[in-house]
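Generate the whole structure from the sequences, applying the supplied hints.
Spelled out from the first residue to the last, the chains are:
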Amino acid sequence: MAERTSRTLGADAPLSSAKDPNPAASGLAVEDDDDELLGRTVSINRPRQELYAFWRDFTNLPLFMENIEAVEIRDERRAHWTVRGPANTDLEWDSVVVEDVPGEIIEWRSVEEADVKNSGRVEFRDSSNGRGTVVTVTLTYDPPAGALGKAFAKVFRREPKIQARQELKRFKQLMETGEIPTAERSLA
Amino acid sequence: MRALTWQGKQNVRVETVSDPDIVNPRDAIIRITSTAICGSDLHLYDHYIPGMKDGDVLGHEFMGEVVAVGNSRHKLKVGQRVVVPFVIACGNCFFCRKQQFAACDNSNPADKTDASEIAYGYPMAAAFGYSHLTGGYSGGQAEYVRVPYADVGPIVVPEDIEDDKVLFLSDILPTGWMAAVHCDIEPGDVVAVWGAGPVGLFAVQSAFLLGAHRVICIDHHPHRLELARGLGAEVIHFEQVKVREALAEMTGGIGPDACIDAVGLESHGMAPDNVMDHVLVKTFMATDRIHALRQVILATRKGGRVSIPGVYGGMADKFPIGALMEKGLTIKSGQTHVQKFMPQLLDMILEGKIDTTFLISHHLDLEDAAEGYKNFKEKQNEYTKVVLRPGMNPRKPLH
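Residue numbers (my numbering), protein chains in the order written: chain A, 1 to 188; chain B, 1 to 399.
Among the hints, a few may not be true.
As the list claims (entries may be wrong) - Partial list, derived from the structure: chain B residues whose beta carbon lies under 10 angstroms from chain A: (1) V14; (2) S18; (3) P20; (4) P50; (5) M52; (6) C93; (7) R97; (8) P109; (9) K112; (10) D114; (11) E117; (12) P123; (13) G135; (14) S138; (15) V145; (16) R146.
To be verified - Computed beta-carbon distance windows for the label pairs: (17) B:D355 to A:R84: 55 to 65 angstroms; (18) A:E184 to B:K332: 56 to 66 angstroms; (19) A:S17 to B:A316: 47 to 57 angstroms; (20) B:L324 to A:A53: 43 to 53 angstroms; (21) B:G232 to A:S17: 23 to 33 angstroms; (22) A:E99 to B:D347: 28 to 38 angstroms.
These aren't lab readings, by the way, just hints derived from the structure by calculation.
The beta-carbon is built from N, C-alpha and C at its ideal position, and this holds for glycine as well.
What follows is the structure in structure tokens.
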């Protein structure tokens, strides 16, 4: 299986753990070297096919990506993403799936005219030591300028890496336990 | 509902807060019949543990009756009596499958895990009524509590057994038990236990049950030492005796085979290192006072075992790494994998092999919880364990 997003040069550690990550080396679509590269690996105690299928239905993504309002499916490869920003500044873009290996890889990138240029790749691998599925998510994006950029920063917080980490954690929680835990005392 | 809330350092009060409700399918709502104040609640009371917010509902030792469940096929049924582990665990993740429930990878909500990941390298599991580093879940010093993953944690207890006999399955009994398990006790072993508080006393009891030849308990509260002696331990009053020398003499110069630090981060004593620690804590230049742990490491025999059930949260100053390495000690520690030990300990209670009721010094109404905290902290000799019961004393009309 292709693992081009998952290795630093000359080492076995993933690219996202590099001290100075180079987005271009990830092989993901990027605008320039200032783009953000985020990556995270978790082990999920569920079969690879099940995890792949849940993620491949992009309408499921808002369940664990809390900033994504909705993802609508346009066709087999194209989806429309909506993010509710502050003061009704919606951010919207279309994405296309550029690589799809059932049970193994999903890679998508935003189309040319997107508000927020971004791309993502999720890889599902069987753990070699019986610890479920190893899931690696790598994201790159090009933060927009101006008012849109401010709205974007607000939605995605100051630390997008934390955001990505939390989203993958919620995916794991939902897949392993069937629900996303919360400390709220009630729904009210 | 009425609940004991944290309001800053040494300030807790019972007030009316919103009722809990079912949020997720695996939840249950428990009506609390008994709940205890834990020594680790005092770490919150004294604000040694970071990540508290005003209004947090405390309490992680509790039991009661199931009044609602999150789905019709839930393992728990309305009306069952249950004791709830203080650790919240999903039962599905890598760690829970290895029965390392206190390391559960899922119970702590995603937005609460960042701080402990930075502080400890990996995010912590969740617990009831504790810091937001461990989820910030409302605790059980209340009339009701929402229990997430309730199909994994709570253990059903027989109808006819009184609360006092099983309540401590929620934390301190399994914690004392795991502390003794971590000693890997062999025939002939001498085990020394620092702290004759609830966990220390249950560790004494557990060490004997696990085959210790002798158990020596160290504290400075005469009544607590009497309780330890009542369990068969020899005792050392650390204000009157040089502890390491005493232990060496009492073990023929060999030293205890295994030592348990059941004291944790607020250890007492007037040794110079402790005074220095105290200054550092007061000035926020350090966090944990490890006087007891230093003594434990020096007192343990060469090649011996050290077990740490006592709670620590931060960094330690002057940690005797040389003694640890040169003597070849093994250290085991950790929050308790309560769910792993509950069934066997419940069996031992039902068989009469373990009685934990001797520990309870006071029963108070939940409304009097603040007084319970104050006395549990300030009158440790008499207040060995406080059990709170919602509605124990019917309230007098206000006028």
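Status of each hint after checking the structure:
A hinted interface residue such as B:V14 counts as satisfied when its beta carbon comes closer than 10 angstroms to some beta carbon of chain A; here the least separation is about 16 angstroms, so the hint is violated. Hint status for B:S18: holds, given a least beta-carbon distance of 6 angstroms to chain A, under 10 angstroms. Interface hint status for B:P20: upheld, as the beta-carbon distance to the closest one in chain A is roughly 5 angstroms, under 10 angstroms. Annotation: B:P50 was flagged as interfacial toward chain A, and the flag is violated, the nearest CB pair being 16 angstroms apart, outside 10 angstroms.
Checking B:M52 against chain A: minimum C-beta separation of about 13 angstroms lies over 10 angstroms; hint violated. The closest approach between the C-beta of B:C93 and any C-beta of chain A is roughly 6 angstroms, which is under the 10 angstroms cut-off, so the hint is satisfied. Checking B:R97 against chain A: minimum C-beta separation of about 7 angstroms stays under 10 angstroms; hint holds. A hinted interface residue such as B:P109 counts as satisfied when its beta carbon comes closer than 10 angstroms to some beta carbon of chain A; here the least separation is about 5 angstroms, so the hint holds.
Taking 10 angstroms as the C-beta contact cut-off toward chain A, the hint placing B:K112 at the interface holds, the least distance being around 7 angstroms. Nearest Cβ of chain A to the Cβ of B:D114: about 6 angstroms, under the 10 angstroms cut. The hint holds. With a cut of 10 angstroms, the hint placing B:E117 at the interface with chain A holds, because the nearest CB-to-CB distance is about 8 angstroms. Interface restraint check for B:P123: the shortest CB-CB distance to chain A comes to about 8 angstroms, inside 10 angstroms, so the restraint holds.
With a cut of 10 angstroms, the hint placing B:G135 at the interface with chain A holds, because the nearest CB-to-CB distance is about 5 angstroms. Here the hint on B:S138 is kept, as its CB sits about 5 angstroms from the closest CB of chain A, short of 10 angstroms. The beta carbon of B:V145 is positioned within 10 angstroms of a beta carbon in chain A (closest approach about 9 angstroms), and the interface hint is therefore held. A least Cβ separation of about 6 angstroms between B:R146 and chain A falls short of the 10 angstroms threshold, and the interface hint therefore holds.
Remark: the range hint 55 to 65 angstroms for B:D355 to A:R84 is upheld by a beta-carbon distance near 58 angstroms. Taking 56 to 66 angstroms as the suggested C-beta distance range, the pair A:E184 and B:K332 does not conform, at roughly 35 angstroms. The hint said 47 to 57 angstroms for the Cβ distance between A:S17 and B:A316, and at roughly 28 angstroms that hint is violated. Against the hinted window of 43 to 53 angstroms, the Cβ-Cβ separation of B:L324 and A:A53 comes to about 50 angstroms, which satisfies the hint.
Separation of B:G232 from A:S17 is about 53 angstroms and departs from the stated range, judged on CB atoms against 23 to 33 angstroms. Our hint of 28 to 38 angstroms for A:E99 and B:D347 is violated, since their Cβ atoms are close to 55 angstroms apart.
Hints 1, 4, 5, 18, 19, 21, 22 from the list above are not met by this structure, while the remaining hints are.
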